[in-house]
Amino acid sequence: MWMRTTQLTALLSLCALAPDAFAGNGKIVIKCGRVVTGNGPDIENGVVVIEEGRIVAVGKDEKAAWDAEVLDHPELVAYPGFVEAHSSRGMDRPNENIEVAPFLDVRDSIDPINFYFEDVLRQGITTINVQQGPLCVIGGQGRVVKPVGLTVDEMTVRSSSGLKIVAGSRPGRSRATQAQVLRKTFGELRAYLEKLVQDKKDGKDYARREALFQGRDMDKDENKNGRAMEGVASWKLENFEIVPRGEVDEKQEPLLRLVEGKLMAFVYCDSAVAVNNALETARSNGFLANTVLVLDGDAWKAADIIAESGVSVVLGPNQLFVERDPLTGKEIETFVPKVFFDKKVRFALQSLNSTAQSLWFQAAQCVGRGIDRKSALDAVTRTPAEILRLGKQVGSLEKGKDGNVVLASGDPLSVTSTVQFVVIEGNLVYDRSKDSRARQLLEGIEQANAGPTKTDDDVPVDPHSGKKAEDTKKKSETDGAKKD
Amino acid sequence: MKSLIFGLTAAVSLSSGVASMPRDDKPESKSWIIWADRVYTGTGMNFDAGMVGVGGGKIAIVAASRGSDDESSDRILRCYAVTAGLVDASVRITNGASSVEQSNEIQPNLRVANTLDPFAIEWDRQLRNGVTSVLVNPPDLNVIGGLSVALKTAGADTIAERTLKNDAVLRGSMGSEPSRGNHPAFGRPTDFFSRRPTTRMGVEWAWRKAFYDAAAAANDSTRAFPGSERLVQALKGDLTISIQAWATQDIRTAVFLKEEIESQAEFKNGLNKPRMFIDAAAEAWKEPQLLVRAKIPVVLPPFPAAGRTRDNSFMAWNVAEELRKEGIPFALSSHGSAAPENALAMQAGYAMQGGLPFENALAAVTSMPARLMGVADRVGTLEVGKDADLVLWNGQPFEPSSRVIAVIVDGVLRYDARDKAVAK
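As you go down the protein sequences, you meet chains A and B in turn.
Heads up: the first sequence begins at 1 in the numbering used here, then just goes up one per residue.
Heads up: the second sequence begins at 1 in the numbering used here, then just goes up one per residue.
Just chain A, with the same shape it has in the complex (with noise of 0.2 angstroms):
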């Protein structure tokens, strides 16, 4: 019986964190002592209405369907839910060892069931722009993800988010050799799609065999009929318009749309000397305005020429960057939003884990360091949503966005607050009572299934089993009482 009450408990807690097991109808109403919009002021006892999983209204006094579930709690500040702009997390195996793969697609690495996914609920994030790590040149297309769901698909925001690509060094690799595969990358591209004009002018029709050979459907019309080359790169292709785009081969079309305009780039950069090949790649193949640079290291000493170019920016977890100076060997702190903020460049913030420097704590630290919070705020939320090209769908609590809403303690930026409810898409996925492992963390409180906790001398033991006949009681008893 004991046994049978604590698999219960454990399943009904795996589902709290697994929601679409039982996925609601996208159908809440959220009543906050606070809601933190936003957009425009807070709202003191506010109230948020969502249907079909999008927000219909935000206000004070906002009618609801009879039928929705209703979250009354006047005690949390409701907010909406953090944009992760970059992450390398919640995939098994998140770096490609081949350098250039950009028709690899994180689709197939993300794992649905990756603690991760789990643990960034807590933090309050309802986004993630997942995409390759940072060990390889150009590592493949990322996607837009919500934590929930139990297959990727289930989790996508957004498909094809966009191009992975390094410009700095790597382990074992110099500068120079990836700088030197990275514009080789573009040459080839073009000597690729020249060759193809030109085979099409001789007529050979080996593209056409080997597309046909993928099981390309060529009767599609997007395949079956060509068209000139778009976009601003530095160079252009005569006659583009000739080949048939199916006859494209899908290892170089990503980068084809990458030149074309169509997709983005999340161009890595490990230091200062990166950004500069970072956006010469770009501009010079057209992509500058689709490029948000990931910065990481000294690379905010290059925010002059990041200004200048007028791309956004993803700023490395660590924001205080520490360096000696060279003669006197004292330490020199920079902290490197407040370098961003200041040239007014774009900036989102990026969490180096999902506990004590997620979105939250980042942002929090850009207030103590002389940002104002609506500035820090939105670099968690609002900015993020519009770099990854969601700024209509989430980052924010406003009529027709993605109910995406977290309801906290207090305070979104405060080190008392804790997440005790997430909804995502107006269904609510974490419900922080049943989170047996935030309970264990926060406040000692043992796993169901995680054996002998606390050593009570008074109580005996029994010798064959290991277990406490009293503690053994009580726990049956609490359980009962929960699943009430």
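In short, the hints are calculated from the structure, not lab data.
Since we're looking at a predicted model, the values are computed, not measured.
Built from N, CA and C at the ideal position, the CB exists for glycine as well.
So the derived label-pair ranges between C-beta atoms look like this:
id, chain 1, residue 1, chain 2, residue 2, range
1, B, 292, A, 72, 36 to 44 angstroms
2, B, 194, A, 333, 40 to 48 angstroms
3, B, 103, A, 329, 31 to 39 angstroms
4, B, 201, A, 103, 56 to 64 angstroms
5, A, 327, B, 419, 16 to 24 angstroms
6, A, 344, B, 74, 29 to 37 angstroms
7, A, 372, B, 201, 53 to 61 angstroms
8, B, 418, A, 188, 49 to 57 angstroms
9, B, 74, A, 172, 50 to 58 angstroms
10, B, 289, A, 97, 53 to 61 angstroms
11, A, 327, B, 384, 38 to 46 angstroms
12, B, 419, A, 52, 45 to 53 angstroms
13, A, 97, B, 308, 27 to 35 angstroms
Fit chain B to the given chain A structure using the hints.
Here is chain B on its own, set in the frame of chain A:
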């Protein structure tokens, strides 16, 4: 909660206020007036819109009122909040393994102070995070590693001049660390570097043997050994023992060691009064009743993000609040980390996330570690006559959305980042 007496003091001294302070024009001037929206004295009295006056390196006045906002002087420092300088009772700044004497597991007479570098960059890092007094322990690779030193993180260029208290505690370690790297008798040949013990029980044995030997030496001077007089001091309660013990099994071992000394016949004649605190007691939440029973305070290690921490232990985030409820005195520590998410001020914040009230969190990073280190008469609170170690904050202390904007140590403004921070 404003005090009438403090208010009166303020009224009297404000009129002469700034002018009456001893002043000189050197940049290291030791007289300041700090005006803060919140003055957290750490004595249970907090003032809104109060002031702290510093003169001659000491706190001269703490007052519940201040002058008008348009008063201006370069002696006046303005901030949102002011607290006493933070104190870390387990800072772990050492010269690494090279400062461990490997010839013997029991080294009660060695001083870590002799190995410290006053120019090390770590002192600055602590200072920037508002930590002004620290307890530096010998590394925990011996069973009894030696004598710790309590000192300031800024000041003169010698360790001696920065020292608050020499031989502040006798330091040792339980658990797996003292036996880490020691060679077992099997597996590989015994060599010059082979040391004992190699197991937890061996560590415990070394502890007990040291005290029994010391007790014997106290009665029979022919049995004295290097450092036995330090152990005798510890048995008499004249030298506090600090034992590192992460896991609950090691905390028990430390508790039982103290109780054994208190009860066994060998330790009669005044050798049965050891004073002890347990450092890095991550699992203190598991058996707090033992600590209550043995009257042992603890120093908690940094809060681990996912609970699991060193020596196979699990630290729940409500551990500080649990200890408060049980009435066990405790201090928090960052173990010397200065990263924004790990610094001592954030440890206080994390303890508050676990339910600890602000006043107790403040005490756990100021007055309580000062008491454990035996320097509470000089640092840890904002009281007249104490060392002028102050931290100026631009927001609510311990929130990640506020930061340390200036630090005063012994009346000298040692860290000043006011221009870089926007006050709230």
